[in-house]
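Starting from the two chains in their separate frames, assemble the complex, guided by the hints.
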Amino acid sequence: MASFNLFDAEEKLLEQAEALRGSLDGTSAVVRGGFDTLLDGYSRSVREQRRLVKVSDRLQAQLATVNQELGRRKAEAEEALASLKAAQESLVQSEKLASLGALVAGVAHEINTPIGIALSCASHLADATAGMRKMFEADDIGVEDFERFMATVTDTTRLILGNCDRAADLIRSFKQVAVDRTTSDRRHFDLGSYIRETLASLGPHLRQAGHAVSIDCPGGIVMNSFPGALSQVLGNFVMNSLVHGFGPGEIGHIVISVDQPDPTSVRIAYSDNGHGIPEENRGRIFDPFFTTKRGAGGSGLGLHIVYNLVVGQLGGTVAVEPRDGGGTCFIVTIPKAID
Amino acid sequence: MESLKIAATERSPEVDFDFKHGVLSLRGESYPEDASAVFGPIFEALERFLPTVGNREIRVDFDLTYFNSSSAKALMNMFQMLDNSAAGGARIVVSWFFAPDDDTMKEFGEDFSEDLEHVVFNLVAVESAA
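So the protein sequences, as listed, match chains G and X.
The first sequence begins at 1 in the UniProt record's numbering and counts up by one.
The second sequence begins at 1 in the UniProt record's numbering and counts up by one.
So that you can see chain X by itself, here it is in the shape it has in the complex (with noise of 0.2 Å):
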């Protein structure tokens, strides 16, 4: 499957998504006036890759700095895919990055990932590279 490469832009973020080795990664800040258009080709990929998946191991990560409402919803309804998925076999390892000054991201990291139960998550506090 080809992979989806979205670059970023002000209020959107870069979009990596290697469906050939398995790694996809959504990165930046997440406030768009027309959420649809963002996440919308996002879903649709994630819709057609993650049932061809079977048992392989794929890796998800989310470095956003920030986001607003509608994003942090499209966040919850991909992490519910994902976990879909990995109960249907498929090991997803899920990672969240977050600035360690920065509180909020942790927080929301943490209480988006109480429903997640059969992907691996994980909270990593990385300096910016900037």
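For reference, chain G alone in the conformation it holds in the complex (with noise of 0.2 Å):
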């Protein structure tokens, strides 16, 4: 093994022709010159491929160190792949529990009313119970004192039942939305009545500024779907025509309808009124982190959560259409029953 020799061979056959070299003197000139010729030419040809042996080997050591450095980028650049992938998962999560921070906002706004008329309802009997109570321990209670505190008592407690009422009824249609979207069970539900109630949820942010929704569903549709992910989309959807549609002072618009293309599926339109969607933008508006409103508090998120869940959990597709007379319109269309 020690004495291994690549050209062994050659340097032998050289030996070997040299030797009969020595043995040619008693022959021709021409025939030792020849030789001669035919020696020289072989000896340089193994020279030559001694070296074309080291060019290839440096050659191809060189690759090998280009493809194991290529090797090592590719793993790399697959690694921050990963993690960027994961840190915009850890994103669109945040961006999810922000809209469920803002519906929660919501709801307690619109619950403080009917409580707070309840609330001073009940303090005014509290305070015309106990005026009462002391005319009564002093037994001094005239017809007129005791009318005016029945009128005052039945004033009251309609007004607080009317109002727990009204709190009781906003709780009920808040908490199937809230659970829906904390939750991503599967359910039986009625498309229009989820719609209604999911846009009621949102009611607040829609009603300050004074925009009019219109829901146009026909009744009777019996999804089999995830409710959840669709009221967080049309959540994003109100959330975008706020922010991006509609601009400070203008009332605007919006309009959902809903109809079935095909008995296994329901396709719902949601358009607004607003400022609409410039064409150079369009394709990109599903894309992660795309907004036009960086600066203003935009996450680029919105959207791409929607075409996730459309596509992903919903199992449907969307997209967004140009709209005659301006505005926006966006076409989800989702199967009714996800198998």
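Rather than coming from a laboratory, the hints here were simulated on the basis of the structure.
Where hints are given, some of them may not hold.
Keeping only pairs whose Cα atoms sit at most 30 Å apart, straight-line, the calculated BS3-like set for lysine-lysine is [said to hold, decoys possible]: (1) K5/X <-> K12/G; (2) K20/X <-> K74/G; (3) K20/X <-> K54/G; (4) K106/X <-> K73/X; (5) K5/X <-> K20/X; (6) K106/X <-> K5/X.
If we take Cβ atoms under 7 Å as the criterion, some of the chain G residues that face chain X in the derived model are [stated by the list, open to error]: (7) V46; (8) R51; (9) V53; (10) S56; (11) D57; (12) R58.
Here are the in silico distance ranges between beta carbons for each label pair [stated by the list, open to error]: (13) A125/X <-> V31/G: 46 to 54 Å; (14) S94/G <-> A8/X: 17 to 25 Å; (15) A7/X <-> G315/G: 56 to 64 Å; (16) D8/G <-> R91/X: 35 to 43 Å; (17) T9/X <-> G247/G: 33 to 41 Å; (18) R59/X <-> S45/G: 50 to 58 Å; (19) R91/X <-> R73/G: 49 to 57 Å; (20) A7/X <-> V31/G: 45 to 53 Å; (21) V93/X <-> N5/G: 48 to 56 Å; (22) V53/G <-> N122/X: 20 to 28 Å; (23) V23/X <-> D8/G: 41 to 49 Å; (24) L52/G <-> D102/X: 17 to 25 Å; (25) T9/X <-> A75/G: 45 to 53 Å; (26) A75/G <-> A8/X: 30 to 38 Å.
The structure displayed is predicted, hence computed values, not measured ones.
A virtual CB, placed ideally from N, CA and C, is assigned to each residue, including glycine.
Below, the structure is given as structure tokens:
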């Protein structure tokens, strides 16, 4: 092994040829000259072969080094991509939470009014009752006093009951939306009612600015799908209209209309009459982090979440369509029942 | 004799043979798919030029940063031609340029010049122009 020589055979041949050259001394000059030329040529050829092997080895080694480097960079790039995807996923989650936060704020605002009325009625009733007790203990209740107290009791209890009913109604409708937002359970639900409940929970955002909402959905469409995802999608569309569609002080109109292109699917068209989306942006609005309001708090994730939910969980498609006379129109087409 | 000028491509070197002034140079990288297409015209020109040089002074510069095995064989053939002309009386100076940190190119120059007996061979380390 120690004496391995790549060109052993060639060297032996050269030795033999040198020896043969010695025994040619007696022959003609032509033969000797011809033999010398052949020997020189062969010897040169072997030397060139050695150099070429070296060139080739060097080139292969360089190639291997480059390949290793390439592999290392590829692994690095893949790792960076994976961590970017994780970061994106976590941003998407926090955006979802933020929109849940907005929902909760809306709920709080909406319930505050009836609870506030009930509270001041109850407080007024308590005052009136305390006054009545004082007069009773002094044995000094006149008929007029009693009639006035009865009128107060009737009015305040009517207001308390009515406002508590209203609060209970509101809580009932919010509860389902909130539960659906935080769980990802599939269940049966009536599409029209669910859209109305979702829009009711977003009501404060809309009503504060004076925007009008019309919902046009045929009755009796029963879905077997993920209501939380649908609610999130509609919520993000509404936020998109509020942030991008309508300028401050502008009063807009949002229309949600539903039809059934075929018996197994529903098409929800969400449109507003706001500023619309410029054509050059239309191809990018569903891309993560695409926003025209980076400086003004836009995360660029709202419509990306819409896209993910519609295409992923809801198993459908979402598209933005140009709309005559401005405004924005999103078309969501999803199966009524998900397997 | 007309000069031979061929622009470099991505895989072949720049050829600038100024036969009138006796200055020949090959510059760049050489790993063509078809070596004969690149070196054919070069050898054809040398075969016509070298028999006419007599005892003129000829300068040949090789400034290559990368070449494949076929190109290496072609270079050795070229060196052999130049050495034969030098044996016939031409004063031929061959310069082999390499970047100071490129040991491979330096060693190739040393190896390729082993058989040269008649040309003057210089190994020249130069910082790359870039």
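Against the structure, the hints:
no., hint, verdict
1, K5/X <-> K12/G, "violated, 45 Å"
2, K20/X <-> K74/G, "violated, 52 Å"
3, K20/X <-> K54/G, "violated, 36 Å"
4, K106/X <-> K73/X, "holds, 17 Å"
5, K5/X <-> K20/X, "holds, 13 Å"
6, K106/X <-> K5/X, "holds, 26 Å"
7, V46, "violated, 11 Å"
8, R51, "holds, 5 Å"
9, V53, "violated, 9 Å"
10, S56, "holds, 5 Å"
11, D57, "violated, 10 Å"
12, R58, "holds, 5 Å"
13, A125/X <-> V31/G: 46 to 54 Å, "holds, 48 Å"
14, S94/G <-> A8/X: 17 to 25 Å, "violated, 55 Å"
15, A7/X <-> G315/G: 56 to 64 Å, "holds, 59 Å"
16, D8/G <-> R91/X: 35 to 43 Å, "holds, 40 Å"
17, T9/X <-> G247/G: 33 to 41 Å, "violated, 59 Å"
18, R59/X <-> S45/G: 50 to 58 Å, "violated, 29 Å"
19, R91/X <-> R73/G: 49 to 57 Å, "holds, 50 Å"
20, A7/X <-> V31/G: 45 to 53 Å, "holds, 50 Å"
21, V93/X <-> N5/G: 48 to 56 Å, "violated, 36 Å"
22, V53/G <-> N122/X: 20 to 28 Å, "holds, 26 Å"
23, V23/X <-> D8/G: 41 to 49 Å, "holds, 44 Å"
24, L52/G <-> D102/X: 17 to 25 Å, "holds, 19 Å"
25, T9/X <-> A75/G: 45 to 53 Å, "violated, 33 Å"
26, A75/G <-> A8/X: 30 to 38 Å, "holds, 35 Å"
Of the numbered hints listed earlier, those contradicted by the structure are 1, 2, 3, 7, 9, 11, 14, 17, 18, 21, 25.
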